[in-house]
Amino acid sequence: MSFPWAAHYAPKSVFTQWIDERLPLPRLVYNAVGAGYPVPRNLNYFWNFGVLAGAALGLQIITGIILAMHYAANGAIAFDSVEHIMRDVNSGWLLRYAHANGASFFFIVVYMHIGRGLYYGSYKAPREMIWLLGVVIFLLMMATAFMGYVLPWGQMSFWGAQVITGFFSAIPLVGEPIREWLLGGYAPDNAALNRFFSLHYLLPFVIAGVIILHIWALHIPGSNNPTGVDVKGPQDTVPFHPYYTAKDGFGLGVFLIAFSLFVFFMPNALGHPDNYIPANPLSTPAHIVPEWYFLPFYAILKSFTVNFLWIPAKLWGVMAMFGSILLLFVLPWLDTSPVRSSNYRPLYKWFFFALIIDVLVLGWLGQAPAEEPYVRLSQFCAAYYFAHFLIILPIVSKIERPKPLPMSISASVLHGEAQESAPFGAGGVATVPARAS
Amino acid sequence: MVRIIAFLAGLVFVMALVVAMLIPRQPAVENTAHHFHVEPQEVAFASDGAFGRFDRQQLQRGFQVYKEVCAACHSLRHVAFRDLTELGFTAPEVKAIAKNWAIEVPSVNPDTGEPATRKAIPSDMFPSPYANEVAARAANNNALPPDLSLMTKAREGHAEYVHGLLTGYRKAPADLPAEARPGPGLYYNPVYANLNIAMPPPLVAEGQVSYADGTKPTVDQMAQDVSAFLIWTAEPKLENRKRTGVAVILFLLLATTLAYFAYQNIWADKKAKPLPQA
Numbered sequence: 001m002s003f004p005w006a007a008h009y010a011p012k013s014v015f016t017q018w019i020d021e022r023l024p025l026p027r028l029v030y031n032a033v034g035a036g037y038p039v040p041r042n043l044n045y046f047w048n049f050g051v052l053a054g055a056a057l058g059l060q061i062i063t064g065i066i067l068a069m070h071y072a073a074n075g076a077i078a079f080d081s082v083e084h085i086m087r088d089v090n091s092g093w094l095l096r097y098a099h100a101n102g103a104s105f106f107f108i109v110v111y112m113h114i115g116r117g118l119y120y121g122s123y124k125a126p127r128e129m130i131w132l133l134g135v136v137i138f139l140l141m142m143a144t145a146f147m148g149y150v151l152p153w154g155q156m157s158f159w160g161a162q163v164i165t166g167f168f169s170a171i172p173l174v175g176e177p178i179r180e181w182l183l184g185g186y187a188p189d190n191a192a193l194n195r196f197f198s199l200h201y202l203l204p205f206v207i208a209g210v211i212i213l214h215i216w217a218l219h220i221p222g223s224n225n226p227t228g229v230d231v232k233g234p235q236d237t238v239p240f241h242p243y244y245t246a247k248d249g250f251g252l253g254v255f256l257i258a259f260s261l262f263v264f265f266m267p268n269a270l271g272h273p274d275n276y277i278p279a280n281p282l283s284t285p286a287h288i289v290p291e292w293y294f295l296p297f298y299a300i301l302k303s304f305t306v307n308f309l310w311i312p313a314k315l316w317g318v319m320a321m322f323g324s325i326l327l328l329f330v331l332p333w334l335d336t337s338p339v340r341s342s343n344y345r346p347l348y349k350w351f352f353f354a355l356i357i358d359v360l361v362l363g364w365l366g367q368a369p370a371e372e373p374y375v376r377l378s379q380f381c382a383a384y385y386f387a388h389f390l391i392i393l394p395i396v397s398k399i400e401r402p403k404p405l406p407m408s409i410s411a412s413v414l415h416g417e418a419q420e421s422a423p424f425g426a427g428g429v430a431t432v433p434a435r436a437s
Numbered sequence: 001m002v003r004i005i006a007f008l009a010g011l012v013f014v015m016a017l018v019v020a021m022l023i024p025r026q027p028a029v030e031n032t033a034h035h036f037h038v039e040p041q042e043v044a045f046a047s048d049g050a051f052g053r054f055d056r057q058q059l060q061r062g063f064q065v066y067k068e069v070c071a072a073c074h075s076l077r078h079v080a081f082r083d084l085t086e087l088g089f090t091a092p093e094v095k096a097i098a099k100n101w102a103i104e105v106p107s108v109n110p111d112t113g114e115p116a117t118r119k120a121i122p123s124d125m126f127p128s129p130y131a132n133e134v135a136a137r138a139a140n141n142n143a144l145p146p147d148l149s150l151m152t153k154a155r156e157g158h159a160e161y162v163h164g165l166l167t168g169y170r171k172a173p174a175d176l177p178a179e180a181r182p183g184p185g186l187y188y189n190p191v192y193a194n195l196n197i198a199m200p201p202p203l204v205a206e207g208q209v210s211y212a213d214g215t216k217p218t219v220d221q222m223a224q225d226v227s228a229f230l231i232w233t234a235e236p237k238l239e240n241r242k243r244t245g246v247a248v249i250l251f252l253l254l255a256t257t258l259a260y261f262a263y264q265n266i267w268a269d270k271k272a273k274p275l276p277q278a
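In the order they appear, the protein sequences are chains A and B.
Just so you know, we're using the UniProt record's numbering here: the first sequence kicks off at 1 and counts up by one.
Just so you know, we're using the UniProt record's numbering here: the second sequence kicks off at 1 and counts up by one.
Errors might be hidden in some of the hints.
[Stated by the list, open to error] Computed list of lysine to any residue pairs in SDA-like fashion (alpha-carbon distance at most 20 Å, straight line):
1. 242/B to 241/A
2. 242/B to 88/A
3. 237/B to 261/A
4. 302/A to 212/B
5. 398/A to 5/B
6. 119/B to 129/B
7. 302/A to 129/B
8. 314/A to 245/B
9. 314/A to 326/A
10. 302/A to 5/B
11. 302/A to 28/B
12. 270/B to 357/A
13. 270/B to 269/A
14. 67/B to 212/B
15. 237/B to 81/A
16. 242/B to 5/A
17. 302/A to 270/B
18. 302/A to 26/B
19. 237/B to 260/A
20. 270/B to 241/A
21. 237/B to 265/A
22. 237/B to 91/A
23. 314/A to 212/B
24. 237/B to 84/A
Source of the hints: derived by calculation from the structure; they are not laboratory data.
One chain only, chain B, in its complex shape (with noise of 0.2 Å):
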């Protein structure tokens, strides 16, 4: 009974199956997006491998980029002021950073209780540059700049994607079709999955930041760097997650040893000693 009704059960599944398949398709329609997408360029990254450590030069420099040019519309919600020791600034610099910081940090007026702002101390977060998703539309033509504290996480693509997507503007191509072309406050990058972004383009100039430590400041380098920060701000445990792995590794490499001996060892008596081969 039971195998009588699983047969007619299971006959059907397959009938529905079948006439699903057998059903004529629509032919597939070529996906301009799709067709003029550009694939980021790989690019090596310190931080990379089994062993990766930060660069942490390049996260300097790359902070620099992000403090002069992407917090003008980019927040960085997840990041306080206090993580940047961890880029080998020391705690003064830090404070100064904080201090000094464009943006001020929302705070309450203490004799009127009247919403107000304060200068940042090392403790805050990196305050937003918009006072909500409304302010941050109504400044971007009606686009809403992405927190970073996640993006090299938050994109297929990871670090790379940020690098290429920060170096892939381009004038649209001749043979773009119309409705693919970039629309007004929109711009060309076939990097970006639907060609057109609404990011203006941040890096356009060689020496837009003037590194400190001499670094040439190529849109190349700037877009490197920042991809680079943005690793570390998206994953800033990093370094102490390989390190603890390579460590694990190793231990979980003896003990098995050991446990594999310990069963070789325990089994000796009752392995078979399989008969000659006829």
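Just chain A, same shape as in the assembly (with noise of 0.2 Å):
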């Protein structure tokens, strides 16, 4: 950790010191997520999602894992091991509706950690490095969610799962062989489902891994703030534990009483019926639709319905599924405005709850038939979502005049907003009036 005054670990008892010299993990973890790790002392709730969607994380693994122990990936009986765990397992109904309303849970926390991060300009220098690995945990955790959702081997299992390989078919050439490729065969059966269940055992603890690559590059500049002003000096930090290892800990509280809200209450809202159908091969439901947490995707790739420049709609509308997460790994040199904080961007700040309220929409669009009004409201929506990074973005980090930054995060914290600095990166700003944080 960089900051100098970050507190350093000091073994106590003569067993803590044989062990530092030995293998100084107690010390790795105080650096990391105790006292020894100073966090700016002004962070909202916005900033307890990170450690949820580690703590979500460590909960699909856990109840994985002892779910892989009674499930079988075999076409032929998967769908009924489901339910001899929903039914004759010990506490099996708890394990699966955990471990599947665990995936929704999941990416509610992370699209708000995304959401966060987009706000307050975490991605930006020095902590781009910390944004890439995140997209690439993003795209990891689509994998595994995807995959999961096939191995109870109903009817939106086998046909999403139809429909997702299907996208790499529309590759020129040699879609088709690709596609056999990675299902094993024709269409999905026993070779692909088999290969899903490795795969999604596997991608967990590489999440894990390049979750723990994310904390190490983020303890290199230290947590962004709702200021997005550096830390400055000792004033503004705060040690990570006991300060927000007890806000997390509150956090962690909320978090589970919404999510066993949907575990014991309402087990199957955020799934489909049909998966509650054995897949059937020769007989393909009235809508496939994906997990709602894909839904924005799904809009996106069916909004490209017509051939343009000689690229047909079905390949456009994929480049643009998979292009419309790719382009966050160039996030941080889109945006070029030194500001961090949307707090003091006051054109950005629309444009970006416009694209909140547009990803949003998409979502609802995603689940919609195929017809209008639909299908033209998600080209619209599509349309902004590529425009907002591509081009609006860019345009709007070189015209905007932002806010005046507070002095320091301390300053902002103890006298509100009052005292302020020139503003960085633009001069000459008609001052704001002062509010009390």
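Hints given; two lone chains; assemble the complex.
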């Protein structure tokens, strides 16, 4: 950790001293999430979601490992083995509902975490690497969640696998062979189910590995904060433990309450009834829809309906869907504004909220049938999505006149925003009325 | 450079979408099935709500409807006879129910090794009325009666849909277009998504089953009872789940309250006291 005033680990007992000299693991923990990591003192509740995402991954790994002890990855009995878990395994219903809803809650907290990063400019220098690793984690999560949804081998599992692996067949010339290679056959079957199970078990540990890199990269510059202003001295920070461990403990409690309401009282609310029908390759469901957390991207896929520039609509849709996530990799270089926090970006702020609404509407459109007015609306919303990141954001960064930034974190905490420094990266800005923070 | 490439890529995506938006659309054709479709009416079940419990009398009545009406065509392959003890049947009663079940369980003749059948025992799953899908379709005008174990979780509308479907049979309305009229072997039921269902009306007259507990066996009552029974077959651990949930939520509320005060206590010296507003 880079701040010179960070507390240093001092083993108290002979035993911890002995350990520290041989394997300084307690020291690592102390410096990572203990008193040795100074964190800006002004973080709001949006900074809880990183820890919550870690908790959600832990929950998924624990419930998943136990479910794997009872699940059978074989097309003939996979569906029945899930019902066996629900009926005959002790607390199997709890494990399965916790795992299924846990995936949804993992995405909820990760979307909040990404949204926080977007609003407060956490992707900007010097934190680009944290953001890039975060996008990698997001992609791995999507792959893991998709393959996990296939495992119960219900109708939506089967047809979801059919549709999603079908994306690869849009690739010119080699698409169909790639699809067959991925599936191990012409259609999803036992070979696909087995490899999806294998990868579904593997990828969470890859995610855990990338999370370690994500946190490592975080500890180089330290956490961002709601003002986006750099930490200037010890008065700006508090040690992670006990201050943020206590706050995260409270946040975790709230998270678990919301999670439990779903697990115990509406466990199937986020799922699709068709997945309680065993997979049937001969009967296509009336509407094939992915899980809710993929709906915005599914809407983008569906919104490309015409061949354009000699490229077929299907390929456009697939490119756009992958592109809509991959563009996040260049976000740190698209947004050139030196001001991080949108609290001080009067123009960008509105585009940010427009993006949030846009993505929510896309999510709603993702489950809507392919008819008017839904198709035109999703075309409009998808166009805004791409325009927002690729066209509007660089221009806004250029023309926007940011509000004056507070002198420091402690100044903003202790004195409201009355004391202001010259705005960073913009001169001659009219003073804004002071308000208590 | 990154921004120029991004700008061009963004422009191309936006143009592809704008072109798609501007292309004229075929006028939407009104869907007949959609027009005549009827949503199932609301039904209250004892198992609804956070504190919902099964009405065991009703589950037993529903089981009787399944046994005397539905079981002729529909399997219940995820449920075992032994599970019936959860409905309040005693172990000897369950044994008798299994033994007297109209359909026998596939087995092997111990002397010859030939396929055979035997009487069911409590550890058996409910036997399917048909040997396989071909036999089921052959006996039902090429329609396949679905397994009922998970029916209330496998349909939009859940148990209300099952009740609505069972009570939803009507005479086809006069203004129904010819192509939407029930063909041979089909029955008009506007609760069913495409209006015409292959299942003949299963509950046709009051008193089709005679309830031992004196409940009046109207068609609506029988439909409600069997729907309640199918809630249980789909989610036998429902009561346990809700009971556990209430305890978990109470614990978490307490723990989270304590965590909140711990958080406030730890931060007491760091919380800023904002200056009075000017």
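Results for each hint:
1. For a cut-off of 20 Å, the pair hint linking residue 242/B to residue 241/A is broken: about 36 Å separates their Cα positions.
2. Of the supplied pair hints, the one linking residue 242/B and residue 88/A holds, its CA atoms being roughly 18 Å apart against a limit of 20 Å.
3. With a CA separation close to 16 Å, the supplied pair residue 237/B and residue 261/A stays within the 20 Å bound.
4. Between residue 302/A and residue 212/B the alpha-carbon distance is near 56 Å, which puts this suggested pair outside the 20 Å criterion.
5. With a C-alpha separation of about 17 Å, the suggested pair residue 398/A and residue 5/B falls inside the 20 Å cut-off, and the hint holds.
6. Among the hinted pairs, residue 119/B with residue 129/B is consistent with the structure: their alpha-carbon atoms are about 14 Å apart, no more than 20 Å.
7. With a C-alpha separation of about 43 Å, the suggested pair residue 302/A and residue 129/B falls outside the 20 Å cut-off, and the hint is violated.
8. With a C-alpha separation of about 45 Å, the suggested pairing of residue 314/A with residue 245/B is violated against the 20 Å cut-off.
9. Proximity of residue 314/A to residue 326/A is assessed by CA-CA distance (about 18 Å); at most 20 Å being required, the pair is judged to hold.
10. With a C-alpha separation of about 24 Å, the suggested pairing of residue 302/A with residue 5/B is violated against the 20 Å cut-off.
11. A C-alpha spacing of about 18 Å is found between residue 302/A and residue 28/B, which places the hinted pair at or below 20 Å, so the restraint holds.
12. Pair hint residue 270/B plus residue 357/A does not hold up; C-alpha atoms about 36 Å apart against a cutoff of 20 Å.
13. Straight-line distance between C-alpha atoms of residue 270/B and residue 269/A comes to about 41 Å, which puts the hinted pair past the 20 Å bound.
14. The hinted pair formed by residue 67/B and residue 212/B meets the criterion: a straight-line CA distance of about 14 Å does not exceed 20 Å.
15. Annotation: proposed proximity of residue 237/B to residue 81/A holds, straight-line Cα distance about 16 Å (limit 20 Å).
16. With a C-alpha separation of about 50 Å, the suggested pairing of residue 242/B with residue 5/A is violated against the 20 Å cut-off.
17. Restraint check for residue 302/A and residue 270/B: not satisfied, since their Cα atoms lie roughly 51 Å apart, outside the 20 Å limit.
18. Restraint check: the Cα-Cα separation between residue 302/A and residue 26/B comes to about 17 Å, which is no more than 20 Å; the hinted pair holds.
19. Among the hinted pairs, residue 237/B with residue 260/A is consistent with the structure: their alpha-carbon atoms are about 16 Å apart, no more than 20 Å.
20. Restraint check for residue 270/B and residue 241/A: satisfied, since their Cα atoms lie roughly 14 Å apart, inside the 20 Å limit.
21. For the proposed pair residue 237/B and residue 265/A, the alpha carbon gap of about 12 Å is at most 20 Å, so the pair holds.
22. A C-alpha spacing of about 9 Å is found between residue 237/B and residue 91/A, which places the hinted pair at or below 20 Å, so the restraint holds.
23. This hinted pair does not check out: residue 314/A and residue 212/B have alpha carbons roughly 61 Å apart, beyond 20 Å.
24. For the hint linking residue 237/B to residue 84/A, the alpha-carbon distance of about 12 Å falls within 20 Å, and the restraint holds.
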